[in-house]
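Under the UniProt record's numbering, think of the first position of the sequence shown as 1, with each following residue one higher.
Simulated from the structure, these hints should not be mistaken for laboratory data. Don't take each hint at face value.
Once the Cα atoms are required to be at most 20 Å apart in a straight line, the calculated DMTMM-like pairs of lysine to aspartate or glutamate come out as [what the hints assert, rightly or not]:
| hint | residue 1 | residue 2 |
| --- | --- | --- |
| 1 | Lys-99 | Asp-53 |
| 2 | Lys-99 | Glu-66 |
| 3 | Lys-99 | Glu-64 |
| 4 | Lys-99 | Glu-88 |
| 5 | Lys-80 | Asp-53 |
| 6 | Lys-99 | Glu-44 |
| 7 | Lys-80 | Glu-52 |
| 8 | Lys-76 | Glu-66 |
| 9 | Lys-99 | Glu-69 |
| 10 | Lys-99 | Glu-52 |
| 11 | Lys-76 | Glu-52 |
| 12 | Lys-80 | Glu-103 |
| 13 | Lys-99 | Glu-51 |
| 14 | Lys-80 | Glu-51 |
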Amino acid sequence: TKRKAQEYEEESGQAQQISTPSQPNSLQNSATEPGAMPALRLAELHWWTTEEDVRAFCARAGVEGELREITFGEHKINGKSRGEAYLEFASPRAASATKAEIER
Numbered sequence: 001t002k003r004k005a006q007e008y009e010e011e012s013g014q015a016q017q018i019s020t021p022s023q024p025n026s027l028q029n030s031a032t033e034p035g036a037m038p039a040l041r042l043a044e045l046h047w048w049t050t051e052e053d054v055r056a057f058c059a060r061a062g063v064e065g066e067l068r069e070i071t072f073g074e075h076k077i078n079g080k081s082r083g084e085a086y087l088e089f090a091s092p093r094a095a096s097a098t099k100a101e102i103e104r
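Please model the complete structure; the sequences and the hints are all you need to start from.
Encoded structure:
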């Protein structure tokens, strides 16, 4: 049993070495979804969600530099947030990476 435990430790040590990412997690593991567009529409956000909050999702996905524009939906009558945001990216891959990060 000691021998098996040592083999297991060696195997798990090798697996940990192999899985060390050189890029941010979401960007490395995300494949562009079929039919993906370079934009996302976020809905059901809290009214207090800010641009910085949305940019934080992009930063965690490693694609903040590819974010071109953020637009928040507002009610025309009173200017209050509708809880929606539209994000435009430079590539569909960046949008997919951000979507994967948000869905975590």
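Given the proposed pairing of Lys-99 with Asp-53, does the C-alpha separation stay at or below 20 Å?
14 Å, holds
Decide if the proposed pair is consistent with the structure: Lys-99 and Glu-51, CA atoms, cutoff 20 Å inclusive.
OK: Lys-99 and Glu-51 at ~16 Å, within 20 Å.
Take a quick look at whether Lys-76 and Glu-66 sit within 20 Å of each other, Cα to Cα.
Between Lys-76 and Glu-66 the Cα gap is close to 30 Å, so the pair fails against 20 Å, i.e. violated.
For the pair supplied as a hint, Lys-99 and Glu-66, is the alpha-carbon distance within the 20 Å limit?
14 Å, holds
Between Lys-80 and Glu-103, does the CA-CA distance stay at or below 20 Å?
Measuring from Cα to Cα gives roughly 26 Å; hence the hint is violated.
Does Glu-69 sit within 20 Å of Lys-99, going by the straight-line distance between their CA atoms?
Measuring from Cα to Cα gives roughly 16 Å; hence the hint holds.
Between the alpha carbons of Lys-80 and Asp-53, is the straight-line distance 20 Å or under?
17 Å, holds
For the pair supplied as a hint, Lys-80 and Glu-52, is the alpha-carbon distance within the 20 Å limit?
Holds, at roughly 18 Å.
For Lys-99 and Glu-44, compute the direct alpha-carbon distance and say whether it is at most 20 Å.
Roughly 15 Å between the alpha carbons, so the hint for Lys-99 and Glu-44 holds.
Between Lys-99 and Glu-88, is the straight-line Cα distance small enough, at 20 Å or below?
Distance ~12 Å between Lys-99 and Glu-88 Cα, so the pair holds.
Check whether the Cα positions of Lys-76 and Glu-52 lie no farther apart than 20 Å.
23 Å, violated
Is the hinted pair Lys-99 and Glu-64 satisfied, with a Cα-Cα distance of at most 20 Å?
Judged against 20 Å, a Cα distance of about 13 Å means the pair holds.
Hint violations for this structure: numbers 8, 11 and 12, all remaining hints satisfied.
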